[in-house]
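Trainee: Chain order of the listed sequences is A and B. Going letter by letter, the first sequence gives residues 1 to 754 in this note's numbering. Going letter by letter, the second sequence gives residues 755 to 1508 in this note's numbering.
Keep in mind the hints are simulated off the structure, nothing from the lab. Be aware that one or more of the hints could be misleading.
[As the list claims (entries may be wrong)] Computed cross-link-like contacts, DMTMM-like style, restricted to lysine to aspartate or glutamate with a CA-CA straight-line distance of at most 25 Å: (1) A:K695 / B:E787; (2) A:K699 / B:E1499; (3) A:K116 / A:E606; (4) A:K591 / A:E606.
[Said to hold, decoys possible] Quick list of the computed label-pair ranges, beta carbon to beta carbon: (5) A:N746 / B:L1502: 55 to 61 Å; (6) B:K1080 / A:A61: 54 to 60 Å; (7) A:L616 / B:E981: 37 to 43 Å.
Since the model is a prediction, treat every value here as computed from it, not as a measurement. Backbone N, C-alpha and C fix where the C-beta goes; we use that ideal spot for every residue, glycine too.
Here is what each chain is made of, one letter per residue.
There are 2 protein chains.
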Amino acid sequence: MDITLVLGLVIVAALGGLAYAAFNYFSVKKLEEGTERMQEIASAIRVGANAFITYEYKIVAIVAVVVAILLALVISWSAAVAFVIGAVMSGSAGWVGMKIATFANVRVTNTARTSKSLSDTLKVAFKGGSVMGLCVSGCALLGIFIVFLVFGRGLGQIEAEFIHEQASSCKSILGMINENLNFGAGFTMTLSGYALGCSVIAIFARIGGGIYTKAADMGADLVGKTEAHIPEDDPRNPATIADNVGDNVGDVAGLGSDLLESYVGALLSGTILAIELFAKHVFGGTDLLEAMIYFPLAFAAAGLISCVIGIASLFVRKKLSDNPHKELNGATYISAILTMLFGAVIAYFSFSQFGGKNVTDDLGNTLSIFESVEFHIGWISPWVAAAIGIIAGIVIGKIAEYYTSYDYKPTKDLASASVEGSALTITQGLSLGMISCMLPCVVLGVAIYGSYLLSGMYGVAAAAIGMLSFVATTVSVDAYGPISDNAGGIAEMSYLEPEVREITDELDAVGNTTAAIGKGFAIGSAALATLSMMTSYIFAYTPAPELANYTEGALDKIALNVIEPAVLVGAIVGAALPFMFSGMLINAVAKAARKMVEEVRRQFKEIKGLLEGEVLPDYKTCIEISSQGALKEMRVPAIFCIAFPVVCGFIFGAEFVGGVLVGATISAIMLALFCGNAGGAWDNGKKYIEVGGVKGEAKGGDAHDAAVVGDTVGDPLKDTVGPSLDILIKIMSTISLVTVAAFAENNLLNLLGL
Amino acid sequence: MDITLVLGLVIVAALGGLAYAAFNYFSVKKLEEGTERMQEIASAIRVGANAFITYEYKIVAIVAVVVAILLALVISWSAAVAFVIGAVMSGSAGWVGMKIATFANVRVTNTARTSKSLSDTLKVAFKGGSVMGLCVSGCALLGIFIVFLVFGRGLGQIEAEFIHEQASSCKSILGMINENLNFGAGFTMTLSGYALGCSVIAIFARIGGGIYTKAADMGADLVGKTEAHIPEDDPRNPATIADNVGDNVGDVAGLGSDLLESYVGALLSGTILAIELFAKHVFGGTDLLEAMIYFPLAFAAAGLISCVIGIASLFVRKKLSDNPHKELNGATYISAILTMLFGAVIAYFSFSQFGGKNVTDDLGNTLSIFESVEFHIGWISPWVAAAIGIIAGIVIGKIAEYYTSYDYKPTKDLASASVEGSALTITQGLSLGMISCMLPCVVLGVAIYGSYLLSGMYGVAAAAIGMLSFVATTVSVDAYGPISDNAGGIAEMSYLEPEVREITDELDAVGNTTAAIGKGFAIGSAALATLSMMTSYIFAYTPAPELANYTEGALDKIALNVIEPAVLVGAIVGAALPFMFSGMLINAVAKAARKMVEEVRRQFKEIKGLLEGEVLPDYKTCIEISSQGALKEMRVPAIFCIAFPVVCGFIFGAEFVGGVLVGATISAIMLALFCGNAGGAWDNGKKYIEVGGVKGEAKGGDAHDAAVVGDTVGDPLKDTVGPSLDILIKIMSTISLVTVAAFAENNLLNLLGL
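Please work from the sequences and hints to get the whole structure.
Mentor: The structure is reproduced here in structure tokens:
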């Protein structure tokens, strides 16, 4: 496919997606807000969320400026500019998504109140969520378009010159090769700078949002449910509004920027791999190089267009079924299937001209000797690899559902264990979480190995791209959850009739399941994106082989050998990192939650008539506590994971950092799965008791109390630690890739000659 | 050093150690048992422990026979015989150690009762423990001696022939080389067969013992402390005797066979590495080969002799100080320092003849070109590497103490968190455990890297040998703990005067600290032994390089490349394995504990006058429940971890298994540290509240109740899961090493041509 055509497709998809997002934004916003009380509460949530995100972005802005200056000084000014573009794109997506979520929540409640229709209410909630989803893909692609337009021109130029000079002297070709090599290295840095921009927003949004939402949630639960025995979302609880704000800043904005980062990481790691592989290690091969560089972008564009159709498919129908889960699944499946179909067209036009096994580069070498990029069944190979990614993403989500939904045995058993008290509830939940790590890893393994067999390392990158290509829909479904949750809270706090709460509860219950699926998907996609990024990292620091032997064994030296002591030690320390990071986050949440507990206790004690429902609590102080706690506590872990690989790199060199990345990625995948599934199961185990699933037990009984302990323990695990681990591994591999050129040679160990 | 001299040293040390063990055994056994009631209780514990271990060994015998037959058929009959020798040695050590522990416990109580002297009581307890410690080293070395005597003769023979023929034709040398190569490969299998024998005993002893002890403990706590609110070890609790039996089968026999396995693994991995490195990959170099093969054995013999002196140093003094912890530390430090001194002598006589940097092999090649074995500072290099191991072992133990003792901030903070209820107790403990992973990993990393810089991969093996060389003393100190714990229980159940309990409590408190240190040490040493074993594994399956290029780059191909998809997928699945295994173990404990809870509840309800202390409970049924539960539940996890690498090997090949080993080892190290430290801190946090450390809180209060929940959750983590993970990684690497020759070529993927 022609460069102009691909970039055209990208910008059309990006603008199309954003336009549809804008349309949905305004069509939600123009709906009625409902009673005065509803407006008041919604406004309080909105003001709180806006205040927090404004503060958060101020802190991020400072960090981003520092990072940008460092990038400009140490790496290149183009990397710095790309970094800023990435940060702006990710920041905008999160901001818009959160904004509409705080408009949509009350409108969902009001639709339930006025229409009494599940179908109509679902539409409003999903429309709200779709803005976040479409913005994620749209903004990410728009940014990539700009970066390619501004900095990527060299690719085409060199290509043209290369072909032109092909027949001329060998010396001239060598000159071209050198030029290509230098340009490739520079452009790699620029692209990873863009990814880093997205990462930096994501790390702050996820960690900050995660601490915010769980400090409020735990604070509300620890006093409200456990001590005062008042129900969730009860207006008498001073922390409820903060809890609702938390849903918006954590589960909408945080989630959006998290998946935006995975999306960008997956796309660009494919592109970067192609650049590194060909420009630096194989020399020449520019036709195929071009196809491989642009395939991820075109595929992503096709994915976004599919998602627009998939999302719209839900709104064009007048009346939806009574099963919201089925409807949301429908949108996801339509998006995924269309992505596969359109993706086949993209793959055909990208690769069919290169034939099957006998791919040759511009110097006439048969490419099949390079084991790492072999299109075993022609253009179909990368397409099937991407399709494997799509399917693996869905399966991993389903596994998360199996372990955390109370429709299945694991969570049912967990709920039954609550009868024996809190100790066995915790014990059982821990074991559930631990056991749940295996299946997703097996699926991930099959996806990696299968896609590798099809087209080598590029195939693995293609699988990552496939898994994330329909992210617009998955994020839309995910963001629908907290909006429905908020809607329920507003209904409760506005004293609306029980029927309204029934409708929102039904939506919320589905939201819990979609959240669990979304979490499984998030860690699966983060893992694949990171592994793909890691490969690029190893390519990036391995010196280009001598020209003399470039046709054979050129890729032999590209390795990360675990029994090299630097790598081994890096892997061990790296594996400890996610554990330490998780511990720090749990502490941060506990610290903020403790302040919240004190404040809630104080209000219950000092404000007369509060528990009797005669006066309203002071919501604002609680919002401030959550806000300040999150802003204060997020800095150390966030800066820690940005700085760690770079500092290690300048001291111990590139191989050590390679080991750190491997160790950290592997251990973070396990911890994230463990935290997500244990936390989800504790949450739903509690709900199972509430709906009467455990014989003889009900809300407020001993078993329920034990289950609440499990839920409280699980909350920070599933909503703060797990999601933040996704980002930890992505940002570490991204920043390593950006800075490796600087520390590969200039590090302390090298200086000391060790 | 001469072969005969080394083997002589080994047998002298082994028999000396065992003789001293026998002396201590009988000098403990001849002491008085005390009152009739004390004798009754002690006898009940002894009968229960003997019954369990007899059953356990029956199961192990069946598994061992199956494994031995398979080894004889698939690998070699010598590997099968060595396997049986290993199993017998490990089994005997565990059996003798447990036997004396069940004699020593009541004699410790009686010494406290009759002498009222802390010093005398400490001596009896430590004397009991020293039998286990000395048997571990003594039996292991005795077995190695036998294996070398029977199967290792070829080493010397080839060496002699080799030197004789050195000047003759090249063809003859090639013949020698081939012979050497074949012999080396065979002997590697035999030695790892011996290690596997020790592993198989260890896995059953640790898992079985761990499930037994925690099912009884949790069962006793869940009903006794939490529901009936009666103190620990109260004779009214039907599960107390089972709890005391558990200490003997889990914390004495289980621990002993665990560390015996690490010890053997560390020694033999050094030896095997030398054989693989020289016999197969470097060819020739037989003088140095010999020195490198025998150095680990000689060093271990020196270590055992040091430990005999270190242990005896405590008994030769008439009156000990009032600080048992100081005395035990003294014995440990004397052993460690003497090991370093004697080790220097061993290193000098082993390596000084090879000079410094210009080591040459028998073909006249300069050995310094082989980056992986370079004695940078002559014979001092391997000695310093071993010393680094010794120091690292002690430091890792101290770090575990820091995180789990209530003398330090982490556990104090955890105890304070209990004031906020059980949810925050759990949350804080989880974060403590997670954060505690980093420091030991950094120490491990420094040890690995430092020892590598000194003498390459062989240096890493030397560090592992160093860390484990004084294991006789560390196990003695460890085994002293459960004996004192039992002694306290017997005092309580025999209604002895409070002064007796005061003395045993003081010993027990120290035992808790030494247990935590021991756990840290166990995982640190297991990690080092496994990593060293893993290197041997990679050497073993890498085909020997062509003769033509053996002087240069011969070791280049020895690599485990993480970005190879088979390795990467293996590492991901492998990392999930310890999580799954841990989850299975927790479930097993919970299942057995639940049955115990039911039985205890039944007895409280049905036996009239029991809670009033008028009649005694039915201890025997509880012992049977623990016993049957453990025997039933241990099979699946134990067989699972033996079979997993072999099955993977025959399906996916050697590289995949290499990845599995890396992933599993790294993630198991983290999980084991997490479980050990979180569990230890919860336990001591509870104790801190009991001794009045948290202001305004005491035993029986709300904070204490919350702390008991933490303790109950932590119990299976620290005493079943953590220790079993040590074995998981060791047995996986051992069995992979034994079987790799069989599956390296013959696996499904190879057959399918993928």
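Trainee: Each hint should be assessed against the structure and marked as holding or not.
Mentor: Going down the list of hints, with the structure as the test:
no. : hint                         : result
1   : A:K695 / B:E787              : 52 Å, violated
2   : A:K699 / B:E1499             : 60 Å, violated
3   : A:K116 / A:E606              : 40 Å, violated
4   : A:K591 / A:E606              : 23 Å, holds
5   : A:N746 / B:L1502: 55 to 61 Å : 46 Å, violated
6   : B:K1080 / A:A61: 54 to 60 Å  : 56 Å, holds
7   : A:L616 / B:E981: 37 to 43 Å  : 41 Å, holds
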